[in-house]
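Visitor: Chains B, C and D: place on chain A using the hints.
Number of protein chains: 4
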Amino acid sequence: MPLKMTIEELRDFFEDVFPQVKEDFVIEEMNEDEITVRLKVSDKHLRPGGTVSGPSMFGLADVCFYLIIMGNVGPKALTVTTNCSIDFMRKPEPRDMIAKARLLKLGKALAVGDVMLYSEGMDKPVAHANVTYSIPPRDEFVR
Amino acid sequence: MPLKMTIEELRDFFEDVFPQVKEDFVIEEMNEDEITVRLKVSDKHLRPGGTVSGPSMFGLADVCFYLIIMGNVGPKALTVTTNCSIDFMRKPEPRDMIAKARLLKLGKALAVGDVMLYSEGMDKPVAHANVTYSIPPRDEFVR
Amino acid sequence: MPLKMTIEELRDFFEDVFPQVKEDFVIEEMNEDEITVRLKVSDKHLRPGGTVSGPSMFGLADVCFYLIIMGNVGPKALTVTTNCSIDFMRKPEPRDMIAKARLLKLGKALAVGDVMLYSEGMDKPVAHANVTYSIPPRDEFVR
Amino acid sequence: MPLKMTIEELRDFFEDVFPQVKEDFVIEEMNEDEITVRLKVSDKHLRPGGTVSGPSMFGLADVCFYLIIMGNVGPKALTVTTNCSIDFMRKPEPRDMIAKARLLKLGKALAVGDVMLYSEGMDKPVAHANVTYSIPPRDEFVR
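Chains as they are written, first to last, in UniProt numbering: chain A, 1 to 143; chain B, 1 to 143; chain C, 1 to 143; chain D, 1 to 143.
Isolated chain A (complex conformation):
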């Protein structure tokens, strides 16, 4: 299925709908199967001991999966998370994190997929999230 937005359109849309976090995230790559999003880690994301906080990782996974849905269905800002399950596997380093999302199912009402989270430059994942979003009916399109 072809994408419904270019990466530039997706970046513009994201800045419009999430002005309060747009400085934290960079959409790096997108194709039909996968999207890559960077969390620009700063002091507010860190915990004592120099590790990235759980809520910051949750937010990265959630944003990354939201963006792959938008790329595939077009800008439906009302889409909401219904479930997110995260396995925390390794301690993150105090540097940028890279998230890669896959869309496993894009149904009429639900989108299901997963997101792998890495500390930049590390081979092995820090965390793995499984996410379900509810997609509003067609006539609730935004824009």
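Careful, some of the hints might be misleading.
Identical copies look the same in the list; a pair holds intra-copy or inter-copy alike.
To be verified - In silico BS3-like pairs for lysine-lysine, Cα to Cα no more than 30 Å straight-line: (1) 76 / 91; (2) 76 / 108; (3) 91 / 40; (4) 4 / 44; (5) 105 / 76; (6) 4 / 108; (7) 124 / 76; (8) 91 / 108; (9) 124 / 105; (10) 124 / 108; (11) 4 / 40; (12) 100 / 124; (13) 44 / 105; (14) 4 / 91; (15) 4 / 22; (16) 4 / 76; (17) 40 / 100; (18) 22 / 108; (19) 44 / 91.
Derived from the structure by calculation, the hints contain no laboratory data.
Guide: Below, chains B, C and D without anything else, positioned relative to chain A:
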């Protein structure tokens, strides 16, 4: 099993180990079965449309379950989240949130339980989180 | 919200739609908030070492939550599980298991809740399942 | 990390420890990163409407992830599932199912990974499971 800390000891411990978020949370009640924690919702927790952000709710569930473990095993600051699965069921109101955690299993290596999240004054839960923590061996006690 | 079926109607409906497993389960109690279902454990549910198999516990949780939805919405046999997350906490005994389901949200499209699983006569739960079901639109009612 | 068992050793071990289900599963391929296991679907796995039952899919995911752990750590039969979360995404066909497991973390105490489930010959996955196993200390090795 009797608690290992009073609510006052738990409050002091929390302020020591999480200085960066201590202003956001209030430990309201604690007994052997349940703990109640308030998230003092402020602008930083809100999203456009006047709703509490997903990462804020994740953070509340995670802190609340961490605190019930501490109350039951004593101060082991190294305890870490291994899994958190949240079902988001209703839109939160733009006011304080109340979390209630239950400890379902306290094993030698793992603690398992769940947390119900409410907008203050609402009957029906906004979200339900299931959490697993890994508990370090005895000789890694903090303090 | 009042129930849409009596416990007798629910038992009849269950025998109609699940003839192949009706011998394994007994609907013991039902009210607006909770349903109790027994798994009559026999050889086919056991694993060496005298423990109840994981798939048998999964099946019990799934059936129990299905039945609380039916009791609340009436007989919609097309309802399907979209997610089930189980925490296995204690080894089950080789005897009947008792499941208690709660309905946390009954929306137009999704039902969300949890199920606690016990070995009969044990205080502490063996497993805890969180379940989401997709509910078909109204005109797909069965019967 | 090199595997600790050949595929033939793993097949022999599986027949030894799971005599009651050995007829249902075939270990098809194994390398460091992934294992492929077939569920030979027969009448007992089917539900009316010609679909594979949820407990059968749960069992396949659980066995498949168990086997990739055994291949990587050697035969430790006491390993137990602590959490399994399954997203059911598409209706399975009434034919064999193929499961592919990945090991995302192999720690001293916990193994974490996921399993993709397919109806044989279908491109898109039927279900996706995330699994955590607890691994016993070294001196509890079996055999």
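Visitor: All hints, please: hold or fail.
Guide: Hints versus structure:
Only between protomers do residue 76 and residue 91 lie at most 30 Å apart by alpha-carbon distance; the minimum there is 17 Å, versus 34 Å within a single protomer. For the identical chains of this complex, residue 76 and residue 108 are neighbours both inside a copy (13 Å) and across copies (20 Å), given an alpha-carbon limit of 30 Å. Within a single copy, residue 91 and residue 40 get their C-alpha atoms as close as 17 Å, and across copies as close as 28 Å, so both meet the 30 Å cut-off. In this assembly of identical chains, residue 4 and residue 44 lie within 30 Å of each other by CA distance neither inside one copy nor across copies; the values are 34 Å within and 32 Å between.
Within a single copy, residue 105 and residue 76 get their C-alpha atoms as close as 17 Å, and across copies as close as 24 Å, so both meet the 30 Å cut-off. For the homomeric pair residue 4 and residue 108, the shortest alpha-carbon distances inside one copy (15 Å) and between copies (28 Å) are both at most 30 Å. Taking the shortest alpha-carbon separations for residue 124 and residue 76, only the inter-copy value of 24 Å comes in at or below 30 Å, while the best intra-copy value is 33 Å. Only between protomers do residue 91 and residue 108 lie at most 30 Å apart by alpha-carbon distance; the minimum there is 15 Å, versus 37 Å within a single protomer.
Taking the shortest alpha-carbon separations for residue 124 and residue 105, both the intra-copy value of 25 Å and the inter-copy value of 8 Å come in at or below 30 Å. When the C-alpha separation of residue 124 and residue 108 is checked against a cutoff of 30 Å, the pair qualifies only between copies, where the shortest distance is 16 Å, while the shortest distance within a copy is 34 Å. Taking the shortest alpha-carbon separations for residue 4 and residue 40, only the intra-copy value of 26 Å comes in at or below 30 Å, while the best inter-copy value is 40 Å. Taking CA atoms no more than 30 Å apart as the test, residue 100 paired with residue 124 passes in both settings, with 13 Å inside one copy and 19 Å between copies.
Taking the shortest alpha-carbon separations for residue 44 and residue 105, only the inter-copy value of 28 Å comes in at or below 30 Å, while the best intra-copy value is 34 Å. For the identical chains of this complex, residue 4 and residue 91 are inter-copy neighbours only, at 26 Å across copies versus 36 Å inside a copy, given an alpha-carbon limit of 30 Å. Taking the closest pair of Cα atoms, residue 4 and residue 22 come within 30 Å of each other only inside a single copy of the chain (21 Å); across copies the shortest separation is 43 Å, beyond that limit. For a Cα distance limit of 30 Å, the shortest separation of residue 4 from residue 76 inside one copy, 11 Å, qualifies, whereas the shortest one across copies, 35 Å, does not.
When the C-alpha separation of residue 40 and residue 100 is checked against a cutoff of 30 Å, the pair qualifies only within one copy, where the shortest distance is 15 Å, while the shortest distance between copies is 33 Å. Taking the shortest alpha-carbon separations for residue 22 and residue 108, only the intra-copy value of 28 Å comes in at or below 30 Å, while the best inter-copy value is 33 Å. In this homomeric assembly, residue 44 and residue 91 come within 30 Å of each other (Cα to Cα) both inside a single copy, at 17 Å, and across copies, at 26 Å.
Hint compliance for this structure: hint 4 alone is broken.
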